[in-house]
Amino acid sequence: MAEADLVRMANQIADFFAAYPDDEAAAMVADHIMKFWAPPMRQDLAAMLAAGRGDDLSPLARRAAERVVAAASGAA
Amino acid sequence: MNQIRQADFGTPAARGEATVTVTIDGMAIDVPAGTSVMRAASLLDRPIPKLCATDSLQAFGSCRLCLVEIDGVKGTPASCTTPVTDGMVVRTETDRLRKLRRGVMELYISDHPLDCLTCSDNGDCELQDMAGAVGLREVRYGMEGANHFDAESREPVDASNPYFQFDPSKCIVCSRCVHACDEVQGTFALTVEGRGFGSKISAGTFADDFFASECVSCGACVAACPTATLQETAVVEKGVPSRVVETTCAYCGVGCSFQAELRGNDVVRMTPSKSGGANEGHSCVKGRFAFGYATHPDRVLKPMIRERTTDPWREVTWDEAIAHTARRLRELQDTHGRDAIGAVTSSRCTNEEVYVIQKMVRAAFGNNNVDTCARVCHSPTGYGLKTTFGTSAGTQDFKSVEKADVILVIGANPTDGHPVFASRMKRRLREGAKLIVVDPRRIDLVRTPHIEAAHHIPLTPGTNVAVMNAFAHVVVTEGLVDEAFVAERCEDESFARWRDFAALPENAPETLAEAIGVDAGTLRAAARLFARAGNAAIYYGLGVTEHSQGSTMVMAMANLAMATGNIGREGVGVNPLRGQNNVQGSCDMGSFPHELPGYRHVSDTNVRAAFDADWGVTVPDEPGLRIPNMLAESVSGRFRGLLIQGEDLAQSDPNTQHVTNALSQLDFLVVQDLFLNETAAYAHVFLPGTSFLEKDGTFTNAERRLNRVRPVMTEKTGLSEWETIARISDAMGYPMSYASAADIMDEVARLTPTFAGVSHARLDHEGSMQWPVTDAAPTGTPVMHVEGFVRGRGQFMVTRYVPTDERANRRFPLLLTTGRILSQYNVGAQTRRTENVRWHDEDVLEVHPHDAEVRGIRTGQRVSLTSRKGGTTLTAVVTDRVPQGVVYTTFHHPDSGANVVTTEYSDWATNCPEYKVTAVEITPANEPARWQEEWQTTRATRYDIRVPAE
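Protein chains in written order, with the working numbering: chain A, 1 to 76; chain B, 77 to 1026.
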């Protein structure tokens, strides 16, 4: 999926959960992505981070994305 | 007496709990206090002759035919307007009464044509029946005096309405039609004009005819008319129906029950069922009259295939189409991986049809790439209500509105979108309930006969959440929280967090007023009215969900309902008005890519284990692709094959250029539908679908009511949708062995706890049921969360207002919002193929007078509507119904291209598209948009059907 779409969607999710305390919010965003994004989308997100891209991710979205990647690595 | 006429007890049922005993013709009966003598007699099978009374209307005692004798009462009172009292003794048949009734009938008949044998109502005429019932044998006054039926005096038949006619010569001026329009429909279009012998029914003094009048063609007057005066045109042409099949409407989420009335295999008319839980005998112009599409010549009845989308279609057998479909789908998986294909289910299909598709995807495809058209309408409802209350469903039955004291309508236009429920709501508003409307447009409900909203909040599109947060702020800071309810029913921690959030100055009406575009005083007054109501109910539509904060808004409304204690009893609740008839059902059946039937996440090991065991497969534990994800993945090349049933992505989904580009990229697209729709232009296989008149199954309406859909006629295609899918699944190596649709529902019940008590047999014998139907609620659940929330304690969510990225700017200074109109339905595939086009033959663009003036635009002028995504041209209508800075259109006609301008933005939680906010500019135009020219080319080249050689 186009990275611009992934970034936009991740940032939107982060915008909602930003109302919650920081650590909690990152976990909530990550949980949402894992529950509702299909694996190929999550893989694209991981690839974007691995390639050093994703500068447009908000700080909260980035922390959540890193959690998603970490969870996937753990699962693997 | 006509055998298909529904029972009529003369007056409505009384609602009192106390009972009284009355003796009628020597027989005693206990009835609720307030019951009329007429109804009590009818319940005893002692029907009293009547003309002006019918049990859909309050009695008004006009015709004087229903006279009775009552011990201790002087004279002969009208039984329709006389309530029974305890110990009352009534006689319905005496010589005196017979003489009086004959006298009354003589007067009626002396001004009624005696053309029964050639009358269209012959055999179905209450006047005829009553003449027989009272033993009328002569008319002493003769037929030669002044009258309304002879050649010199009769007025012409008004046949202006395409569905029914008005023949004044047959009218007895009983006034049922006037009362039906007032009480049942609430439009007040009809009146009695003139006085005495000159009295006549009129569709309004200033109207030339019914079509030009305020009449909305709901058919309530036709249903109420006891003669052939108001008569369905189809009955005039085809004759009185001879048999009946009870079924469910295929249009909006109200889910009205109808009697399909036939002669032979021809449906003559659809009559709303009095026993229908959703509609209780009422209907709208779509459900009652607009069913002709089912037999329209545009329907494709044979499967067709083609190699390339530029090839003509080739008709094939079902066997060939199914084998080809299965083979191509499997080849794509073999080449591109298991996840390269998916399917889309439809809210126009039955629960059973939807269930089978999601099963095919999970069991035969082996992935979770199944989504439903509810993605683009009410998916935020699913997310928001599940998060806060614990389940993805509206909380009330429709009848609940009769107990509401304040009704908050947000982002819905019930009189157009859900007209039968709107009539019920309007009745409650006329009784005195207060109304708050939150909508950019001044929808009809804001000011309509005998109804005026206490507050209309014409918010700037995209600021719903700001409005709810302002309400929450007032509730929290002015001591309007129902502390006892919250303490008993809701989570302490989430409530405390929400209370702190709501109290922040950033949520004060004074802070948010500028963004909302409505003064703080109005916001505060509306919030106070809601919170102090007693019973306050929220009804909402796509004006809530189709925003980037759609899910946030659903949760904000749930917060408000919980904080004010408006959940868990009649008259309150959070109520989604679903767009299509089976939106609720298609979601219930597990057609979201992250949920199995019953809204259970695919990651739930125990749930998956139950399906694994029953289906004999391993259900994948990861969510699949949503519709917008499928389209994006198609563009990126990973998603290669799609089966779409009953949904027209190319017309209904946003950003048309993106959608059609994605569809064009697919290696293999299968479309199953009634017609070659816009999406079919990009398809390789077309599978003909069945109309609701051919289906066997169930629909679930917006109040969670499972209604039976029964086949009125055999499938014109030779194969039902569920059989089609089952055979494709078989051909792909996963056999499905259902013998009937009832078998499928049995499987649903076996695997879905909330449907545990549901079966076709029960629905046939006991009538409709509202899920959950369980051991704890064996006959269903009209109102949810009565004792506690499904999730245990209600969860408050913090709902920060985040403005959408789609904003007006110098280049695109206006905001476009979209909606639908009474006579048309969604993409119009059905209603455009009926006479309903006479009310709406094109989509127009509503423009505020100021915005029109500065651009030199007048009503009737063609205008170019452009956004950053594309442009189209529409005809302008200048009206202050829309606020300055906002333009509005509908999307019923494909050539309008409303979605050519809508954007890729969507709800943060569900990807439901943000149809309701698009920054646009409008300018006068003198030629079609480029997209419209390309569309014409597509229409001309993608729909050829090769005629088989003889």
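Do not take every clue at face value.
[Claimed, not checked] Sample of chain B residues lacking proximity to chain A, with all beta carbon distances greater than 10 Å (derived):
id	residue
1	Q134
2	T161
3	L377
4	F577
5	G692
6	G700
7	A708
8	A807
9	R876
[Unchecked claim] Per the computed footprint, the stretches of chain B lying under chain A, defined by three or more beta-carbons under 8 Å from a beta-carbon of chain A, are:
id	segment
10	507-520
11	983-995
Source of the hints: derived by calculation from the structure; they are not laboratory data.
Here a beta-carbon is modelled for each residue, glycine too, at the ideal position from N, C-alpha and C.
Starting from the hint list further up, note which numbers the structure goes against and sort them upward.
Per hint list: 4, 6, 7, 9 and 10 violated.
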